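Engineer: Read off the chains here:
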Amino acid sequence: SQQGEEDPQALSIQEGENATMNCSYKTSINNLQWYRQNSGRGLVHLILIRSNEREKHSGRLRVTLDTSKKSSSLLITASRAADTASYFCATGQGAQKLVFGQGTRLTINP
Amino acid sequence: DTEVTQTPKHLVMGMTNKKSLKCEQHMGHRAMYWYKQKAKKPPELMFVYSYEKLSINESVPSRFSPECPNSSLLNLHLHALQPEDSALYLCASSGTGGLRTDTQYFGPGTRLTVL
Numbered sequence: 001s002q003q004g005e006e007d008p009q010a011l012s013i014q015e016g017e018n019a020t021m022n023c024s025y026k027t028s029i030n031n032l033q034w035y036r037q038n039s040g041r042g043l044v045h046l047i048l049i050r051s052n053e054r055e056k057h058s059g060r061l062r063v064t065l066d067t068s069k070k071s072s073s074l075l076i077t078a079s080r081a082a083d084t085a086s087y088f089c090a091t092g093q094g095a096q097k098l099v100f101g102q103g104t105r106l107t108i109n110p
Numbered sequence: 001d002t003e004v005t006q007t008p009k010h011l012v013m014g015m016t017n018k019k020s021l022k023c024e025q026h027m028g029h030r031a032m033y034w035y036k037q038k039a040k041k042p043p044e045l046m047f048v049y050s051y052e053k054l055s056i057n058e059s060v061p062s063r064f065s066p067e068c069p070n071s072s073l074l075n076l077h078l079h080a081l082q083p084e085d086s087a088l089y090l091c092a093s094s095g096t097g098g099l100r101t102d103t104q105y106f107g108p109g110t111r112l113t114v115l
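Here the protein sequences line up with chains A and B, keeping their order.
Numbered according to our numbering, the first sequence terminates at residue 110, and the numbering increases by one at each position without gaps.
Numbered according to our numbering, the second sequence terminates at residue 115, and the numbering increases by one at each position without gaps.
Careful, some of the hints might be misleading.
Derived CB-CB ranges, DEER-like [to be verified]:
1) K26/A <-> N57/B: 14 to 24 Å
2) K40/B <-> S68/A: 48 to 58 Å
3) G94/A <-> H10/B: 28 to 38 Å
No wet-lab data here; the hints were simulated from the structure.
Computed from a prediction, not measured in an experiment: that's the story for all the values here.
Note that CB positions come from ideal geometry on N, CA and C, so glycine has one too.
Starting from the given sequences, assemble the full structure and let the hints guide the process.
Structural biologist: Right, dumping it as structure tokens:
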């Protein structure tokens, strides 16, 4: 399968704590993207990191990419209840082809 | 307008029915996508249209028939589906991005139940 792996599969933390999710993939990529999905709804793009970049920030999000290890991590700082969702990494594999990882279900407890 | 709309939101159909899912975007994107997502699983790519031509078909059964009438619209025609086809069907659009994979904008999905 071309799909990546994400860990943990589920993560439950207290509001205000940081959440870290990891993604590993198997093939060469042109970029890696992270998406959020609230229960049973469409996906929302969070951040894109190119294959020649190592780290990127957007608000409370920090993404790292290690192409030698074929892995990426997403850090959400100072979590809020509204961050409760499923988070998917997706690897760009050629023009217009995104392959999604298995996802991490994040629960923020008040 | 950065919205992708999908209709209907919910659809229940029998195995002998013919129905269609619709998707629309007005962002000027020239690539549009259909994904299938089962519960607690990631989205799986079904079809990609680029400049209104089918560019990727991920070996989808012929009971699913995509159509791109113009650059803003994407349809998915359904016929003789099986209960295992019940899923959330997501539409997305993006720029064509050359050789790189652009950010995709997703609609809210159609929840399909096949009885």
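Engineer: May I ask which of the numbered hints given earlier this structure violates, with the numbers listed in increasing order?
Structural biologist: 2
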